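So the sequence lines, in the order shown, correspond to chains Y and R. Residue numbers for the first sequence, in numbering that gives the first Met the number 0: 0 to 164. Residue numbers for the second sequence, in numbering that gives the first Met the number 0: 0 to 282.
These aren't lab readings, by the way, just hints derived from the structure by calculation. Heads up, some of the hints might be wrong.
[Said to hold, decoys possible] Here are the computed lysine-lysine pairs in the BS3-like style, where the Cα-Cα straight-line distance is at most 27 Å:
1. Lys-277(R) / Lys-201(R)
2. Lys-277(R) / Lys-125(Y)
3. Lys-184(R) / Lys-125(Y)
[Unchecked claim] Derived list of chain R stretches under chain Y, where covered just means 3 residues or more per stretch with a C-beta under 8 Å from a C-beta of chain Y:
4. 5–11
5. 45–53
6. 94–104
[Said to hold, decoys possible] A few chain R residues that don't get close to chain Y, going by computed Cβ distances all over 10 Å:
7. Thr-32
8. Ala-81
9. Gly-146
10. Gln-262
11. Arg-270
Predicted model only: the values in this text are computed from it and were never measured. Cβ atoms here follow ideal geometry from the backbone N, Cα and C, with glycine treated the same way.
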Amino acid sequence: MTVIFQLNGEDCRFDGDPMTPLVDILRQERFLTGTKAVCREGFCGACTVHVDDEAVPSCLKPIGLVQGCAVTTIEGLSSGNQALHPLQANFEAADAVQCGMCFPGMVMSLSAFVRDNPHAGRAEIKAAMVGNICRCTGYERIVDAVADWLDQARMAGQVVRGIHV
Amino acid sequence: MAPSVERSFTAASTIEEAMAARRQGAAVLAGGTWMMRDPRRGVDLPEALVALHRIPALSKVEIAPDHVVIGAAVSHAVLGRALHGAVGFEGLVAAAENAANPGIRRVATVGGNLCALDFAAADLPPALLVCEATVELETFEGPKLIGISDFLKDRHALLAEAIVTRIHLRRDLVASAHIRLPLRKAGDYPVAIVSLAVDKDKRCRIAVGSVEPVARRWTALEQAMAADSASAFDPERAAGLALEHNDFQGRDGKEAEGWYRRQVLAPLVKRGVAALLKTGGLA
Ligand code: FES
Ligand code: FES
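Kindly produce the complete structure, drawing on both the sequences and the hints.
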C-alpha cells in the first residue's frame, strides 16, 4: 500500500505494509531517531508524536491510518540549529533532563498540552503526563519547568487562546 | 521493520463500503491500540483490514434532550469532552476520561473498546451497562439494535458478521459514577471497576468490569438495594450488601489474582455510592 502524509512539513511517501507502526518508519526509514520505541504497548509515551496536532503514541499507529495526516516529531519542533521550543528551553534551563530517554515523548505530549491548556495548574500537568514514564527524574522538576513556563507565558501576555507551538 | 506484506487495507468512507470489505473477510480496524499489540500476544495481524475513521456518520456524538447517539469511531477523549457536564453521564465521562492514558484516549475508540474481545479491563462496558445502552450493528442483513448486556454476552458470534456502528443512550439517569482500582494511581489496567447509576425512579443500577472476563450487571446487589431502599444512598450499608451478595468469580491475571479482584468490590461500591451522593443530581 502507498501512504502519503506530511512529515515535519514535507511530503512523505511510504510503500509497504499498512500495519507498520509509524514509529518504525520514522526511525528506520526517515532516521528520525528522536522518537523512541521503548515498550511498544502504549504505556511509556517515549514514542509520542503529533498526528494532526494531537499527541499520540506512534508505536500503536498503523501507517495506514496516517494517510493524508500531518505528522510532527521532536525534530520538527526545532532542528537543533534553530531556537528550541520554549518548553525544551525551559527543561534545559531548569536542568530537568537526566538520561533524556523519555524527553522527546515528554516534550511532544506536553507541548500539545500547554498549547491547549494555557491555564493549567500542577494537578492538570501531572494528569497530562500519566502516559509518559520517566525512570530518572522523579517528575517533580519536569512539572516545575512546565508550571514555570506557563507562568512566564501568562506574565508575558502570550496567552490569548492558547500557546502556539 | 516488518517484512513487506501484501495486506489489503480499505479506509471506508461509507458504512456500505465497510460492509463490502467485511463480506470479503476484512477485519475491522478502529484506533488500532488493541490490534497493534496482537503480535506481542502471539497473534498474527489480519491479512485484510477495513478502517472506519473516515466514515463521518460514525465519528460524531449527537446530544438530544432525551437521548444521545455515539458513533463507534468516536475516541474516548472526544466522548469525555462531548458529555462533560451532562447530568446522569458522570460515570461514562469518568470512564472515558480515566481509561489508559491521555495519548491512548485520543486514539482508542468506543467501538474498539466494546469489540476488543479479550480485553476484560475495558472501562466503557460497565459504564454503558448502567446506562442500559443499546448497541447498533450493521449486519449483512441490515441494521440491528441489541441491548448492551446481550451484546457483551454474544459479541463473539455477533461480530462475525457485523460492525458496531453506534451506541444509543436514553437520558433517564439522574446520577452516575465510575470507580476503578488500578494498582498505581494512573496508567494501569484496573484490577476492578464498579459503575453505578441512579434512574429517575431512584433505582440503582450497578455493573462490574475487569473482575470476570466480561463486564456484567450486578443484579443480586441491585435487587438487595431495591429491597432496602435507604442503602442506595448510604455508602456503608451499600458496602455491607455488596459483601453479602458478592456472586463474582474473580479472574486470575497479571495485575491481580481473582480473589483480590472479588475482595475489593465492596469497598469500591462504598466509594461509588459516596461519589453518587456528590453528583448534582443527588446532592
Ligand atoms: S513505545 Fe510507544 S508508548 Fe512506549
Ligand atoms: S530522564 Fe531518563 S527516563 Fe526520563
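Going through the hints against the structure:
{"no.": "1", "hint": "Lys-277(R) / Lys-201(R)", "result": "holds, 15 Å"}
{"no.": "2", "hint": "Lys-277(R) / Lys-125(Y)", "result": "holds, 24 Å"}
{"no.": "3", "hint": "Lys-184(R) / Lys-125(Y)", "result": "holds, 11 Å"}
{"no.": "4", "hint": "5–11", "result": "holds (count 3)"}
{"no.": "5", "hint": "45–53", "result": "holds (count 3)"}
{"no.": "6", "hint": "94–104", "result": "holds (count 5)"}
{"no.": "7", "hint": "Thr-32", "result": "violated, 5 Å"}
{"no.": "8", "hint": "Ala-81", "result": "holds, 16 Å"}
{"no.": "9", "hint": "Gly-146", "result": "holds, 31 Å"}
{"no.": "10", "hint": "Gln-262", "result": "holds, 26 Å"}
{"no.": "11", "hint": "Arg-270", "result": "holds, 19 Å"}
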